[in-house]
Structure formats: structure tokens, C-alpha cells
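Each chain is listed here by its residues.
Protein chains: 8
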Amino acid sequence: MKNEDLKNLLRDIRNGKKTVEEGFKVLKDLPFDDIGFAKLDTHRSIRCGFPEVIYCPGKTEKQIITIIKKRLSDSCPIVLTKADPGTAAAVKRLKTDAEYFEDARLIVVNKGEVKKQGLVAIVSAGTTDIPVAEEAAIVAELMGAECERIFDVGVAGVHRVLAFTDILGKAKVIVAIAGMDGALPSLLGGLVSCPVIAVPTSVGYGASFGGLSALLTMLNSCAPGVAVVNIDNGFGAGYLAGMINRMKDEE
Amino acid sequence: MKNEDLKNLLRDIRNGKKTVEEGFKVLKDLPFDDIGFAKLDTHRSIRCGFPEVIYCPGKTEKQIITIIKKRLSDSCPIVLTKADPGTAAAVKRLKTDAEYFEDARLIVVNKGEVKKQGLVAIVSAGTTDIPVAEEAAIVAELMGAECERIFDVGVAGVHRVLAFTDILGKAKVIVAIAGMDGALPSLLGGLVSCPVIAVPTSVGYGASFGGLSALLTMLNSCAPGVAVVNIDNGFGAGYLAGMINRMKDEE
Amino acid sequence: MKNEDLKNLLRDIRNGKKTVEEGFKVLKDLPFDDIGFAKLDTHRSIRCGFPEVIYCPGKTEKQIITIIKKRLSDSCPIVLTKADPGTAAAVKRLKTDAEYFEDARLIVVNKGEVKKQGLVAIVSAGTTDIPVAEEAAIVAELMGAECERIFDVGVAGVHRVLAFTDILGKAKVIVAIAGMDGALPSLLGGLVSCPVIAVPTSVGYGASFGGLSALLTMLNSCAPGVAVVNIDNGFGAGYLAGMINRMKDEE
Amino acid sequence: MKNEDLKNLLRDIRNGKKTVEEGFKVLKDLPFDDIGFAKLDTHRSIRCGFPEVIYCPGKTEKQIITIIKKRLSDSCPIVLTKADPGTAAAVKRLKTDAEYFEDARLIVVNKGEVKKQGLVAIVSAGTTDIPVAEEAAIVAELMGAECERIFDVGVAGVHRVLAFTDILGKAKVIVAIAGMDGALPSLLGGLVSCPVIAVPTSVGYGASFGGLSALLTMLNSCAPGVAVVNIDNGFGAGYLAGMINRMKDEE
Amino acid sequence: MKNEDLKNLLRDIRNGKKTVEEGFKVLKDLPFDDIGFAKLDTHRSIRCGFPEVIYCPGKTEKQIITIIKKRLSDSCPIVLTKADPGTAAAVKRLKTDAEYFEDARLIVVNKGEVKKQGLVAIVSAGTTDIPVAEEAAIVAELMGAECERIFDVGVAGVHRVLAFTDILGKAKVIVAIAGMDGALPSLLGGLVSCPVIAVPTSVGYGASFGGLSALLTMLNSCAPGVAVVNIDNGFGAGYLAGMINRMKDEE
Amino acid sequence: MKNEDLKNLLRDIRNGKKTVEEGFKVLKDLPFDDIGFAKLDTHRSIRCGFPEVIYCPGKTEKQIITIIKKRLSDSCPIVLTKADPGTAAAVKRLKTDAEYFEDARLIVVNKGEVKKQGLVAIVSAGTTDIPVAEEAAIVAELMGAECERIFDVGVAGVHRVLAFTDILGKAKVIVAIAGMDGALPSLLGGLVSCPVIAVPTSVGYGASFGGLSALLTMLNSCAPGVAVVNIDNGFGAGYLAGMINRMKDEE
Amino acid sequence: MKNEDLKNLLRDIRNGKKTVEEGFKVLKDLPFDDIGFAKLDTHRSIRCGFPEVIYCPGKTEKQIITIIKKRLSDSCPIVLTKADPGTAAAVKRLKTDAEYFEDARLIVVNKGEVKKQGLVAIVSAGTTDIPVAEEAAIVAELMGAECERIFDVGVAGVHRVLAFTDILGKAKVIVAIAGMDGALPSLLGGLVSCPVIAVPTSVGYGASFGGLSALLTMLNSCAPGVAVVNIDNGFGAGYLAGMINRMKDEE
Amino acid sequence: MKNEDLKNLLRDIRNGKKTVEEGFKVLKDLPFDDIGFAKLDTHRSIRCGFPEVIYCPGKTEKQIITIIKKRLSDSCPIVLTKADPGTAAAVKRLKTDAEYFEDARLIVVNKGEVKKQGLVAIVSAGTTDIPVAEEAAIVAELMGAECERIFDVGVAGVHRVLAFTDILGKAKVIVAIAGMDGALPSLLGGLVSCPVIAVPTSVGYGASFGGLSALLTMLNSCAPGVAVVNIDNGFGAGYLAGMINRMKDEE
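Protein chains in written order, with this note's numbering: chain A, 1 to 251; chain B, 252 to 502; chain C, 503 to 753; chain D, 754 to 1004; chain E, 1005 to 1255; chain F, 1256 to 1506; chain G, 1507 to 1757; chain H, 1758 to 2008.
Derived by calculation from the structure, the hints in this document are not laboratory data. Be aware that one or more of the hints could be misleading.
As the list claims (entries may be wrong) - Beta-carbon label-pair distances, calculated as ranges:
id : chain 1 : residue 1 : chain 2 : residue 2 : range
1  : H       : 1873      : B       : 343       : 55 to 61 angstroms
2  : F       : 1312      : E       : 1065      : 34 to 40 angstroms
3  : H       : 1859      : D       : 842       : 40 to 46 angstroms
4  : F       : 1312      : C       : 586       : 55 to 61 angstroms
5  : F       : 1421      : E       : 1015      : 22 to 28 angstroms
6  : H       : 1818      : E       : 1088      : 38 to 44 angstroms
7  : E       : 1088      : A       : 57        : 26 to 32 angstroms
As the structure is a prediction and not an experimental result, all values here were calculated from the model. Backbone N, C-alpha and C define an ideal beta-carbon position, used for all residues, glycine too.
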């Protein structure tokens, strides 16, 4: 509710267009949908293009289906993250427009048509980082980004990245995904002048400590213009990249 | 060096406009300035508006002064981060255009005039986070952002943040600075639909473990659109915010 | 044994009402029941209303059943925490009054009737925190609290919490359960003037490090009136809330 | 603002008692005082008896004095935590009613008269934990608690604690302060049936890791009814104890 | 090889009783048995009564059987630690004198008769610590100790320990086993004047971090006379207790 | 591409032997093979004898097979690390020259004949460290080293190592593998004057924290000449040892 | 109070030799001396030979002096640990029998004559570990041990330790002190058949993390018979060694 | 003592050239010099060219001077690491051939003439890493390496490293020094085919956690041929590099 809306509401009450009870109800009823075990954020529908997100682990299949049903009426896409094949099957039984991206462990419902504009480069250090990279790419695409996937170009073979400097130079945002030494974002941050969203992955063993190594590397990046999201959080990086990518379009 | 430049160079050699030795020298001489203890990145000057940055701790006064002198000829501003008053005094003795921001521990040389456009909100959870917040604000301003400072609006008094929803809604990017529980970015990320750059600070004691607590909180933020920089890295956040803020202008 | 009891015992010995051996036995025999692998705390029965608690993991089914049988004669309820369905089935075979709360992984034996008085709000940040939240709620109810469950109101959609300020304002104690960023208790602590018992959960991935992130956030809460229990310790929070909630009744 | 207040405001607008502009101003102006570098929470004054708190480290002397001056008109006491002697001297120069508790590193302004009721036991494991214990005790006293100080009764000489079971049994709340092994709260939690607020301290060396050892011990306490605050957070524990202690009085 | 042996060897060479080659071979051949994947320590047989120990995890069944066969000729008992039932079955198929202690996950081969002397108290905080406690007890018994098992006497019900002060006072060594808060050794260390060997266990959840909590507590014990072994290392504690217990016998 | 190559290329362009387009293509095409999900480093083939390496975990069987097929034409051996038996079976179905080392979890394709020269000692502290030790040994052998395996000679039986001082003194490099206390490299580093590559393993339990204990021990080794690789990284150690071992051959 | 004492007391009351009030007072008055900020453990005096210990850091000079004065009447020695020279000077001003061991940072009051019997070897890995080693040695000597100091014999020069096998073989207990890699106790534990008390020190830098490295090494020692005390806790190790050393004398 | 020496000694005894007592003395006296607080390793002199090393922190000035005096007669250089200016002044007062490298905090006594052969590249990521880099360079030079210093070529400006590929390609060993993100060794490991010794530094702030970030990055390097030494351990890296560099010379 913007200030002007509030003033209008008060004017309506003064003018008798709305009763006190009506005014009270509007002011008190905040924009969410209470289904007991979850409070769905209806507010989000006013800025469509941003997908509704459901984090699956720890939710029962029944809870997930109930949430989807509630939201199906909106035109927004619904994204389910870290979803296993069982959940995907259950969602598909809803006979709605749902797609399962197995690599990325993403389910997208109501994907619809998205006009794509602006380039986001999705760059991964290794082949094993691809699931997280795909999660980022699909989400950014849902938000209207053209995505260029550049996979397996880790720092230990720097000529592989350098071969892509052209395309990297054209990107509006770069999502850089790496496990183990996590050095890729530092390298990219020095090559380009656009924002780099760094995603540490849990790929590795021993002293990678489940992604901690890559996370710390990225936080300590010497290149300015780099920011970091949670380990394996491809969704978060794709979302933020999508958000930045559409900036010019809003003017 | 862009592809087109490379082709032109080769054509010049073919046409005899350049000798082989000249071509070799151009291709080999990469764009930096070697002063022994440092390699200055002259490449950066082709994308002016982005300040040159010197991280002070661990550098001798002599090294810092030498670097500045080398770069004075450029029109770019030079930013010295985490600078103590002694360094500031030494820089001022250079009789150049230098300003010391004591709170932010920043020295800016060659600040010049910057046309400001686009709003960046700099939001801090507490009064004690102000030094890091100021570091972010000044850097973003150097890069052409209009900065709105909203300080001391931590989550434990949520009505304080809510009073600023209007201005937050107008920002193109938000920099959210917090120590201790580090909860501010999660709250902001849910209130706005622009990117939120989160900066954990080392403010706190006991189980804040030098900012680790706030860092983890921010990485685990449930709000999408949030990315994190290093603890106390106001510079990095301001730089990234400035980068995103100027995006529309580049078209 | 209170001081007065001790004096009475000594008087009885002096008066010959008790022999020295009898006195010795009373003074030496402390109030527990030794069944070899466990020492049951019979002392607890004198302050009934507080449930007897058995932490299940690591105990054999046989040990658990033996402990329950020993305690069945007491009128106190017995709570078994972190109990799996197999244990629940074994307990039910005892043909006693036993209920299994699957979500909360709690078994309650001898639940009986509890007069409820005083309001405890059980507030969870996400749907996936519900198992821990239910564990807290059921334990608090066993101790006589009226529990209001407010689930899925995390900080990233702050208007969802604000819609419940009325009911939160009426609570005598609040139990706040959150994983990931763990920011909920800081928010609640600033909204109310009653104690907030914070429960970090292991919900999350990556840099949540099994609940460490939420734990540190809560310990560093900027709102006064917040204290923290172990990760996933819904039982402990519900117990403490129940204890505080009944305070006025004891006068 | 309670619901009823909101309805009344709307009624006043409807009835013409208040103009739309007046109504807008009330609804928009949330209860805090903006002095630039800080937002003072005036809301707190409606529940007086709870002190206003200023955490000193990282604030300049000038900032602290400005905040105090703003709040002097309230009748509430003001507590400054972790204050060094220099700050204390500066506050005393204000010629207001200010007292400095050097052990506890607390400054209390506007202490006034507090009616004391209900017993809070402040129990420390060692002599070196006294500064944190005193911080807790003074804050609880400000909130109306009678405090019994029982110092240096660590678990390694258990008969020392047992000698105080009488007085512990009378307490409404216990604050248990310990560094090193941090075992005291577990012991106390088993001896009493009132809430135990545990405060780990940074007392110790080596594998105490600045209080981490005691913190983990307390979080893992096997006794129910124990909750934990941040390392060295005597203020937080005293505040929560004071809050619980006055519960019966509020009815 | 003692100094005297060395002198004798050299004398034998001088006297021509041994050739130079023989002398070289004796000096070079150190006392172990090389079976390729393992070097068995035959040296140990000269101080019999101390069991030979095989740590099972990570060894193949074949390796374990080969090692046992090599050592069967010695009169020393052989202890296999952390052994699963499959290994136990394989060892039993050897048709030798082997016993499997399932709780303790120990296999003892060649147990034989041991004269018991001196009292070792094996004290556990909880029922779930019993497997580690049994591991300690059986090993100490193999080394000639009389073991008194006192289980489930954690600090949270201190009267349970106090009921055993008589027997604790008679012990030559105490092994104190505890998970979670790990506070038991601190308590025991203050009650007795004999050495306390503390064993942290991985019993617990959340912030127990696999036994780290109990480990740190025990290392920070305020009671002198306490030393600590690895998490869940019942074997090590029992061995050390057995070693100390037999001290007087060596005179 | 060496400097001389570059000059030659430019001369060819100048002389018209190569067109500008041809020159551009050479300069732009860096030496790798792009198969979409992976960028194969063909550069490596110019320094044959160093095996091509594929880290298996997280790669699909299909990806692994595709990579192998692409590289089969090279004469270099291909090493697949941390490979499970399923992958080994799939590779063998390719009907190429492939061998699976089950202990070491290594697959070697195109092993071929390697002339062995120079001694590398592979020393392990325990029998359970053998899988990592074998991984190191096989890789070093592939690179032309003669490997001496000395297993189960941990510090706790120091005479076992001392019996091998002769052979250790002849080694050009030593690879020292140890879990638990990780003390072996410190001991070896003091016995020899050749480089010691230390490999911590995840062998152990409790406070070994998955190899962290051994890792820290090795990093803090008091013996000079010791460097460390990742936990369980037998491959890395064997590779580096092979690299150092062949040094003299390069002259 | 032993059982027999308790029975005698009860008999005295029965017989009228003691009044009820007298009996109550004895039973209630537990054996400590309450001086407000400290509870002195008078119980300890009944087992003299064990020094009274005061940990200095965090105690004011005034508190320390008060405690010493209270205890001067006992014949027991008083040990002040981690004492700085200022404290030592203050204690000496008491004009009592006090000695300051500067290396060990120990003050010993009432040292008196101790009959020495039994050998304790104090073995340090480096010269920089000597302060902790001296702390252990002096305390063990106070408890009647003959101490052999063997310093600077770390694992990286194993022949240095081996030169002392004779004397190590004669020791009843060994205290092994090491920082950095902390490997010494593993080595010693394999050489001798007596208990080894391991003391990690904070000597080192970088990944020694204040002694964590040595601590973990020692906890993971592969040699049985090793137990560990806190980092830098020379006092604790010396005390425990003294305790074990005097065992045979107690028979 | 080599095998042949031992045989000769035995032959001498047999032949009567040496008495039994003489033989015993030789065999027992191991090669070190016992000066009480330190055991000097005289063994080292037989492989001269390797400097004798003294780690200064924690040693008294007197201890350091005593050690130097003892060793002055050897022709080996003596290196004192992490030495402060005070120690340097004291050493210079000895009027021996001593040089203090202030940046590197190294004192070298008896430096003498060293024939240099073989190239070691010392590569640092930043200017602030120079002290550690210099420590490595000077030590490698002492051991006969020609050192090329390439400073301030971090990954964030990758063209700076690439400009040095020629010289990097000629090095026999590379020492790579980096703090913060520690990404440099991964990059270098992929560019060259010689060993890379990686040195993490404590340069950085916030989530660099004293060098932990760089350490983990380096351990997780995806490039083979990289091994790591302790944080800030320039000495260790220089020593190992020197050792490897002289390998070919030994043939």
C-alpha cells in the first residue's frame, strides 16, 4: 500500500464512500493467504514476472500440492526448488502445465511464454557444477534473460575462460558457479565490468568441507563487483541475475 | 584488446604499416604498469568512472605514495580503503586533490565532479555499523549514485524500517549493513523488488565471532534477491551497487 | 529434603521415634530408582505437571519399554522425544494410554487431562520448521498452556508476522522457531514485551551448517528478552515456555 | 497502536474530528525519534520499567551523549552496557543522575527508585565470572527484582552449590554464569524447578575458544528449563530474568 | 633392546661368539612382523597383560583375519575395536577362543584368565553412553581391573551421583563417560582425589556437533586431575585406566 | 604458444603465407576441445607422460564415457579418480585398454608401457590408509616412478619406520599418508633430506573431524621440506611426486 | 563426610551428646569458607600434599591477596597459576614464604619441604614449550615427584628422543608437551608402557589456530595410554602426573 | 650413521681396534648437541647447504644467542625466522657475519657464498604478501636457487600473470604466495608443468579468518602439481623449493 492509496482510503472513509469497518478491514488485512501450515504471499502477484518459489525439502507432498493448487489461478510461474523425482511425479498428476528439470532439480509450473532480453552468462568451473548452474540458468530465463551457458572453464586451465571473453564482455550479469577452490569468480571479476554473482557449490571432498572452501574464497575475492549467495543456491543467483538483467527494461 | 583491434593489428602488419617487432611488442605488452612491488592495472582507465582501488593494510607508506604518484595522471578517482589517519596525512602532503573520510577510513584522490543519477539506499542496522555503511555510500557516490542513508533501523524495532518503505521502494539497489544477528537483509529483501547487497559487519561480541554470525545469517537469507560480500567490506558493496545502479545509463 | 524435614528427622532420632539405622537409610537413600542401565528420578513426581522425559535415540527398544513400565504407576505424563514409528508401535503394544505425534516425533504416555491456562504463541518461520514447532507446542500444552500456532511467518515477508501482532501481544511467552537465517526471534523480540524462547532448526542447506547459522543469529539477537535452546530442541523450548507460563498460577 | 486505536482514528476522520492529513500523519509517523545516526525507540516508554539500552562499543562519545540527552526527559532508566571509564566520565559530566558500575561496565542514568519484588538468584561458577554476573544482577534489580548473589560455586566443588539449595529453591528465576566448562546450569537445572537463564563467559584459555566451550555445554544441557544467551551477555540474561520475575505482578 | 643387551652383543662379537654379520642383523632387525599391509608389533609381547589392539573400520575382513592368525600364537589377548557383527562372525569361524561384546562393538580373542585387582569405576552420564562405557570397562577388565559400572548419573540429577560417593571414593581410577553437555567429569573430579579419565561421546544432536561440545567441556574442566581421550574412545580410556590401576603391582 | 611461434605467425602474415583470417583463427583458437558440458585440455598432450585426469563423483556415466571417447586418440594415459565399480564396468564395456584398481578407486585407460626411473617411497601410517596410498603409488608409477610401498609404519611404533631408513634415504621423493594424528610426515621429514608430500586421510573418528586433525598436524609440521595436499588426495600427491621424480630426466 | 561419620553423628544426637541444632549445623555446613566473591574449599586440606590452586587471570590483586590470607594458616602449599610479575610482587609484599617461577608464571606460597619419590619425565617438543613444561614440572614436584626435564626433542629429529629411552623407561608417568604438529605424545606413547599426559601448547602460527592443531593431533593419537589436558594447561598435567606418581605410596 | 658405518664399527670392535666401551659410546651418542633448553641437530652438518633454522617467537634473546654461538663453528648458514628488530640487533652485537632482512623478518648468519643454479619463481598475488614472499625467496637463494620475483599478479587481473608465462615456463619450481581468495596457485598450476608450492598468507580481513580462506582454497586447488605449506610459512616453501631445485645437481 502506497502513501497515496492510504490517503485515498481515508478520504473515502471521510466522504462516506467506505464505512469504518471496511477501512479497518483493508488496513488490517495484509496481503497473504493463510492456509494453516503456510502463509502464501499474494503481494507477489502485483509484480508478476518474478516467480513464486517453493523450497521442497522438509515439506510433505501433500503440503506442496496444496500450495500449488492455491496459486494456480495466478498467472505467475511457480518454481519448486531442490525437488526430487517423486515430487515431480506428484505435481505432474495435477494435470497442469508443469515441467521437471531433472539436472537442476527444479519443477516449473505455469511456465508460459517469456520475452527474453539481455544476456546473462552462466559460467561453471566444472562439469559437476552443472546441476547448480542449470538451476540458475532456468530461473534467470523464467525472468526474461537470454542465458549463455559456459561450462567447465575452471581457473586451472585459464585459456578455456579466455576463449570466451567476447561473450563474457556482452553479458549484463554473470553467474559464476564453482566448487573446490572456488577461484572462478575472482578471475571473471577481473575480466569484465558487469556484476558477478558467485555461487559456491558443495562439489569436492576433504578440506572442501561441503562447500565452505569455495564460499570463503568467493567472499574474499580480490575483484570488485562480486557478491556471493549460499552454497549450491543456484536459484538465488539466477533470481538476482534476472532481477539485475531486467533493470533497463523498467525505465 | 577486442577482436577487432586484433584483426586491425594483423592487417597493419600485413600491409607493412607495422613491423613484426612492433606487432610483437603490442601483443606481448599487456595493459599494466610494472613498478616492481605492484602491477598497476592501466586497463581500468578505459572504463573510467570506476575508481582505482588501493587496499592499505600491510602496504608501507612509501609503497602507497609511489602507487598514487604513478596513477595521478589518469582522470579516474583513486580510492584508498581501510586507511589510517597517518596514511591520510602522508597522502595530503602530496598536495593533490585528496579527501579523507575518517569514519569510513577512506581516502579519495582525484574525486572530481560526478553526475549523480539513480538512487541507492544505504541501510544500517545499528549506529555502530555506520563506518562500514559510510564506506559503501561514498564509493557508490563516486560511481554516480545518489545515496540515501537510513541508519539504525535493525530488525528488533521493525517499525523503524517500515517507516522508510517509500524511499526503499524507489531505490534501484539497496546496500544493507548489519552486525550481530545480521537479520536486516532478510527483512529488506522481502519488502522490495530490487537487488539487496548485504554486508555483514564485525560489530558484536561473544558468539558473533568477528562477524561470522551475521555472515551466515545473510547467506541463509530466505528472501530472494540478496547477495553477500565479505565482512566489513563496505567498499565492495558500494562498488557493486554503483555498478548495478548505472546499468540503465549504459544503453 | 528441606531443612525442616532434616530437623524433624533428627528430632525423631533423638526422641527414639526412629532408630539410627532408619535415619541413616533415609539420609543415604536419595530419591531415584536404580534399574541398572538407568537411574529414574522419582523426585520429579513431587512436582507433578512436569512431564518425565525420555530421549529415545541411542536407547534400545527394550530399555525404553523397561523405563516406561517402571514409571507407569506415577500420575505424571511421560514424554518420549525424537521417537521413531517403530518405538511408537512398541509403546502402543504396552496397552497403556499412549499417543504418537508423528510430526513432532513425540510419544506421550499418561497424557490425562490438563487444565489449560495462559497463552503461549508457537511461531515458526517456515512450513518445514513445523515438526520442531509441534514438539514445542505439545509439550507446552502438557504443562497446561493454551497454545496458539502461527506458522510460516518468516522475516522475508514481514507483513505476515505483523498481521498477528494482536495475538502475539496477548501471549505470556513466545516460542520462535526458525532455520536458515534464524531472524524471526529478533523481529518478535522487538514487537512484544514477553520472553521469547528461540529454537534454531537444522532446516536449510549449504552455509546453514546443520542449524549453526540460525543458532548464531539467535544468540546475537539485538532484541532483549530472547534466550536460545539447542538446535531442533522443540521439547526444551516447550518445557521452558510451559514453566514460565504457569508462574502466576503458583502464587 | 492497537486495533481499537486504529478504529477510533478512522472514526474521528469520518466524523470530521480529524482531517485526512492529520490521520495520514499519525498513521505514517511510527514511534521513534530520528536523530540521524540513530533511531530512538519511543515506543518503549509506554512500557516503562524496562530500561532503555545503549550498547557502547563502536559508538563515539559524542553519539552516546547525544542519545542520552534525547532520552533524559523520559522517566525510564537508561542503561549503557560494556562502557569504559572514559565514557562513564563523559556521562557524569552531563550532571545528570548517573552511576557507573565499574565491575559490570554498566552506566545507569535515571536509576530512580524501583520497588523490588520476587527473587532472582545470580549464581556464578567462578570469581572471574563476577563482572558478567554483576551486569546481570544490576539490570535485574533495575527491573524490580530482589537479587541474591551466589558467587564461585562451580561444579568442581559441588558441595558449595548444595549449601545454597534453600535459597535456590525460593528463586523465581536463576541466572547461571560460567566460563570454562560451563557446567553450572546443567547442575542447577536439575536442582530447581524454575527457569534457568545460562550465560557463558569468555573466562578461560586454550580450548575454551573465547567462551565457545561454555556456550556449547549450556546449549547441550541435559536439564530441561535451561535457555542460553550470548557469551558475556550479562545484560541480556538480567533483562530476561527481570521480565520473567515480574510476570505475576502484571496480572 | 636395553643398554646391557647392547653391551653383551658387542662383547659377544669381540669374543667371536657372534660374527659381525650376526651382530648387524640383530641390530638392524627391529621387533615387528612384516605382513605387507601391516607391521605387527611383536615388541608388545614382552609386556604381556596389555592387549594387542586392532582398529577395524577401513580394514577388510581378510586383512583382519590374517592379522589375528599371525598373533594367535602369543598368549596376549587380542582386542578388535569398533567391530561390526559381520567381522565378529568371521572371527568366530576361526574356531579360536573369541567373544563378541555387541554393545561395546568389541571382539576379544584369547581372553584367558585375568587376576583382578584394584577398582576402576566406570561412570556414565546417560543410558545412551553405555556402549562406550562398556568398551572402557571390558578393556580395563582385560588388564586386570575390577570394574564397578555406575550408569545414568548425569549432572542434571546430581543426587544420583552423590549416592555413589562411597564407591567412587574407593576407586583407584575413574572413567567418566558423557555426551551432550559433558559435565560429569568436572563434577567427579571435584568429589574424588583419584585420576579421572574423561570420554566425550557423540551422543546428542544439534549443537553437540558430534561430540565436540562434550569434548570442549571436558578439556575445560575446572577440576584438577582430569584428562581427556578422543570422542567415543572407550577403548583408550579403559586402557589408560587399566595401566594406572596396575601401577602398584609393578613395585 | 611460445614467443617465437608468435613472431613466426606474424612474419607469415606479413609475407602473405597466411591470411589475416587464418592468423586470427590461430590466435583466437586456444587449445581445448569443447564438448558442451566439458572443455577438454588438448594442451596437455604436448607434454605427454602426464596423465589426463577425470574426477568422477558428480559426473554421469554418460558424461564420463563421452570424455574418454574424445581422448582415446591421444597416446596419453587417462586416469579416472574416485571411481566406483559401476563406472569401472561401463568403461570396460568400451573395449579399450582399461584397468580398474579397486582399492585405489582408480581406472587407468591407455596405461601403456612406462619406463620407470627414480625411487618414490609411498609410506602409510596404517593399514586403513592403504586405499589413498595405492592411489598415490599407481599415479606416480604412471608418471615413470619406481614405487616402494612401506605400509603401516605409524609414529606410535617408531621402530617400524626406523627399520626402513635405508630405503627412505634412497628415495627422491616421499609420499607420506596418515589419518588420525597425522604425525608420520613430521617424523619422516626429520629423517630424510628429500621432499615429503604429506597426505592427510579421513581415517579416524571423533575429533579427527573427517581428516581435519591430520591435515592441521601436517601443515604444522616442524620438519622443513614437507608440503601438504587435500585430505584423501592420493592422486594429487602421486602426481606431484611423479613430477618431482622425473626432474633430473628433463635435463 | 563418610558414612561412618554420619552414623556417629546420628548416634551422638540420639544419645544426647549433640543437640538437634548442633547436628543440623554440621549437616548443613558444608566444607567451604565463604568470603563473598569466592568459596574456598577447606575440604581439600584433609588430603594435604595436593596444593590449593588459584587461577589468576580475571581476578583483581585484592581478591587474590584476600584468598591467600585466608588460606595461609593451612599447611598446604598454595599455587597461583598464569600469574604476572605484578601479582608476584604483590604476593611477596605479604612477607610470607612465596616463590615466583617467572618462566612458568607460577607463584608458590608455603612450598615447604616435600619428600620426593617416583620419577615423572617432563618432555617438551621445543624450546618455546618450556614455560608450559616448567609449569607442569614444578607442580608435579610440589606433589612429591622427582622430575626429569627432557626439552626440545620433537618428532622432526627423532634420534633426540631415542637417546633418552633409558630414562623414559624408568618414569612412572610422562608429561609430553608440544605445540605446532603436537606429534610428540604419539611417539612417546609407543616407546613406553606408562601413562602419557599430553599437553598441547599454543606455540605456533597460522594453521596451528592457537593450539587447536596440537590438541587434535593428541586426541587422535594412535598410541594407547595417552590422555590430553587443555591447551597450555601445564598445571593440570603436572597435577595429574603427581597424582598418578604417588599411587604406590598410598597402599 | 649408515649401515656401512655400523658394520665398520662392529669390525673394529671384533678386531680389537675399539673397546666395547668405545663402541657402546658411539652407538649410544646420537648426533645432537644438548644445551639443556635445546638439542641442536649436528646431523644436519653432513648435508651442508641446508641452513640451520631457528624459529624465534617464544624464545628468549639469551636462548637465541646461546644457540647461535654453539653453531657458529659450522660452515652452514643459520636462518632465524619471524625475528623482530630487537633480536636482529642482539645478533648483530655478536660481531659475526649477520644480515637482517626486515621485510622478511629473517636473520641470516654465516650467509657466505652460494653458487646459484636453477630458477625458482616467487610469485605473489598482492603487494601485501611481499614479506612472506621475500622470506621464501631469501631461503631458496641460500639453498642455491636463482630467484625471479613476480609480485602483485593476483587472479583478479589475470593478464598480469599471463605476461610472465615465459619466465614461469622456465622455472623448475614455483612458490605461489596469496592471501584473501588464495586463487593464484590454481591458476599457476594450470599454466606450468613444474611443481607449485602454495603459501597461504594471513593477508585479508573478515571471512579470511587469518588465512584460513586462502589455505582451504589452495588445498582444494583443481590443478594437479600443487602442494601447500602452513599460513605465512614463507620459510617452509622456500626451503622445499630450494630442495627440489637442486635435485638435478645431485646426480
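Against the structure, the hints:
no., hint, in the structure
1, H:1873 x B:343: 55 to 61 angstroms, "violated (44 angstroms)"
2, F:1312 x E:1065: 34 to 40 angstroms, "violated (26 angstroms)"
3, H:1859 x D:842: 40 to 46 angstroms, "holds (41 angstroms)"
4, F:1312 x C:586: 55 to 61 angstroms, "violated (31 angstroms)"
5, F:1421 x E:1015: 22 to 28 angstroms, "holds (26 angstroms)"
6, H:1818 x E:1088: 38 to 44 angstroms, "violated (58 angstroms)"
7, E:1088 x A:57: 26 to 32 angstroms, "holds (31 angstroms)"
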